[in-house]
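Asker: Residue numbers for the sequence shown, in mature numbering (1 follows the signal peptide of the UniProt record, and there is no 0): -21 to -1, 1 to 145.
These are calculated hints, taken from the structure and not from any lab test.
Bear in mind the structure is a predicted one, so any value in this text is a computation, not a measurement.
Worth double-checking, as some hints may not be accurate.
Unchecked claim - Once the Cα atoms are required to be at most 30 Å apart in a straight line, the calculated DSBU-like pairs of lysine-lysine come out as: (1) K65 with K128; (2) K66 with K39; (3) K39 with K65.
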Amino acid sequence: MKIVTACITATLLLTCLQARADDDKDIPVRIEFGGAGEWSLEDHQIQRGPSVAIEFEGFKDYEIEVGTAPLRHGHTTEWNTDVIIKKEYALSPHFEFEAGLGPEWNHTVGSHISNSAGAEVEAELIYWTSERHHFGWYLEPAYGYDFGKEHEQSLGIGIGLTVPLF
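Model the full assembly from the supplied sequences, consistent with the hints where possible.
Answerer: What follows is the structure in structure tokens.
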């Protein structure tokens, strides 16, 4: 799984570098890393773990975020990987709000192994420590719906640091 995550990240970075070379506009790319938690609305279990994502401008006025988080509960690990298309709203020089939705893939390893697809809706509030956006903090609540046989619904939260790469 670590190899898959590394390959996805490398592919996205190379794509962004090529797009930047092809276009005179500055394409913002940033990395987010922190912690995530998820609460199942069915069985009320809480899972938590680290998270990492890369976010870049995919097309005019929209950003694409690709992220993954290995969430643990007991002896089970659920890898949540998502691709979220977001719309950004500047609230002030220090605050941004982003709303988005997209597909999600869940890979669960524990007493059994399972894979399922789903959808996620999220909102993100970013606080930049300076007007030049060199370093910031994010808070990202989310709602997920799993299309698997149990149709699990969950509420999640992510919090951490966001740092521009370009």
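Asker: Please go over all the hints and tell whether each is borne out by the structure.
Answerer: Quick rundown of the hints versus the structure:
The suggested pairing of K65 with K128 holds, with an alpha-carbon distance near 28 Å, which does not exceed 30 Å. Taken as a hint, the K66 and K39 pair is honoured in the structure, with Cα atoms around 10 Å apart against an allowance of 30 Å. Taking the CA atoms of K39 and K65, the gap is near 11 Å; set against the 30 Å cutoff, the hint holds.
The structure fails none of the hints (numbered hints given earlier).
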